[in-house]
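Q: Sequence:
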Amino acid sequence: MLNNDFYRDIASLFSGMFLARLFPAVFALIIVRIYSPENFGLFVLYLTIASVISILATGKYENAIILAETAEERKHIFRLSQKINFAVNLAALIVAGLYIFLFRVSGFEHLIMLLMIPFYSFSLGATQLIRNILIGTKKFKILSGLEVWRAITIGVFQCAFFIFPVFGLFLGAVAGQLIVFFLYARTLPETKEFKLSVLSQEEKRYALRYIDFPKYSVASEMFNFISSQLPVFMVKPFFGETMLGLYSFSHRYISVPIQLMSISISRVYIQKAQSLKNDLKALGDLTFSLFKKQFWTGIIPFAVLGLWGECLFRFIFGAEWEFSGFLAQILAPWLFLVMLSSPLSSILIVFEKQKFSMAFNVVLLTARVLSLAAGGLIFRDITTAIALYSLTGFVFFAALGAYSLKLAGVKLSGILFFMLKALLVTLLPLIIIKIWLIP
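37 is the number of the first residue of the sequence shown in my numbering; add one for each residue after it.
The hints are simulated quantities; they were obtained by calculation from the structure and are not laboratory data. Since this is a predicted model, take the numbers as computed values, not measurements. Glycine included, each C-beta is placed from N, C-alpha and C at the ideal position. Certain hints may be false.
Label-pair ranges, simulated between beta-carbon atoms [unchecked claim]:
#, residue 1, residue 2, range
1, Asn39, Gly354, 20 to 30 Å
2, Pro60, Leu81, 46 to 56 Å
3, Gly133, Leu65, 32 to 42 Å
4, Thr223, Pro60, 16 to 26 Å
5, Phe387, Gly354, 28 to 38 Å
6, Phe144, Ala458, 56 to 66 Å
7, Asn39, Phe198, 20 to 30 Å
8, Leu406, Arg69, 21 to 31 Å
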């Protein structure tokens, strides 16, 4: 019964996340007609800057909300996080003002864009606090609603602000996200009656109790962000814009379903793991069950992609994207492991393994830099570079998955035996078909 509720919560959240991704695609049909590519490029630039600041904004204390055992504890951690969020973004606003003054930034539109960065960062951090309160209290249907209404509200405001072509997209994102935050904040007992003030004794106590989040998780997130953006920085200088576009196209369209699944599963799993962390047998059984379902869900699609990606991309997107399909074949084994490992790795938060997480992201970033540098400087071949990059990801995410399963109390011998049987049943017939029937 408990497992049924667990998977029902995942399905509920997945449906909300799916709609939250679908609405921006619908609004995009309007946005492309009222904004220029230059407007969109400027929006993405400022959005990225604001997203980086938001990593710092709450000191990652929002993760402690999920670990809180009582509503009172969640309330104090929310207030601590929100005060840090306000202080960091107030400092960012002052820095933006000084930058405008010292460098004599001209143009009303650019002034507005710079000044909106802290507001978007604040709203992003504040909304994440609301999400984690909903996760910690198992209100997954409300969380699904938040994601859907956030997508709709942002889309509506971005379309409405077309009269400001330069900053309308950014202003719409800020306005939409702030409105959704304030609407949901009014309904939760943990967020009601919040007032800006100096930290209380309780807030200081929780700040010290969960000090490893700002000490290690902030840096870990920064390294992870840089690591995820590496191909953008390194593929273009070595192989040019065309190859970057072909790589980005393949990675983007494969990543969308992975992200939907990972976010939906991890948000439900982390709450369940937190409630079972003192009962390793029950946690291990649940985690093993989840892993098997993830494996069966992903193995056929990723095997087909790995064997026939080039043909699929040529058929669906046209001949000019055929090489993207070839790169997708190379990426498929790594991205399959990302789908398996990413949701389970949320258990690192439950067992407060922030040091491990930071070390993992530092070493992963280093290995990825070396793999792309070797492909560009030594082999001078895009296929080799992406193959090395994918191999690096495969090895690291296999290790991350194994460590996460071990933390959850799952015997790795059982996992290996299951995977061997599953691969024989699914992969072997597909390889035979590839060799004999559909090369």
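Q: Which numbered hints turn out to be false for this structure?
A: Failing hints, ascending: 1, 2, 5, 7 and 8.
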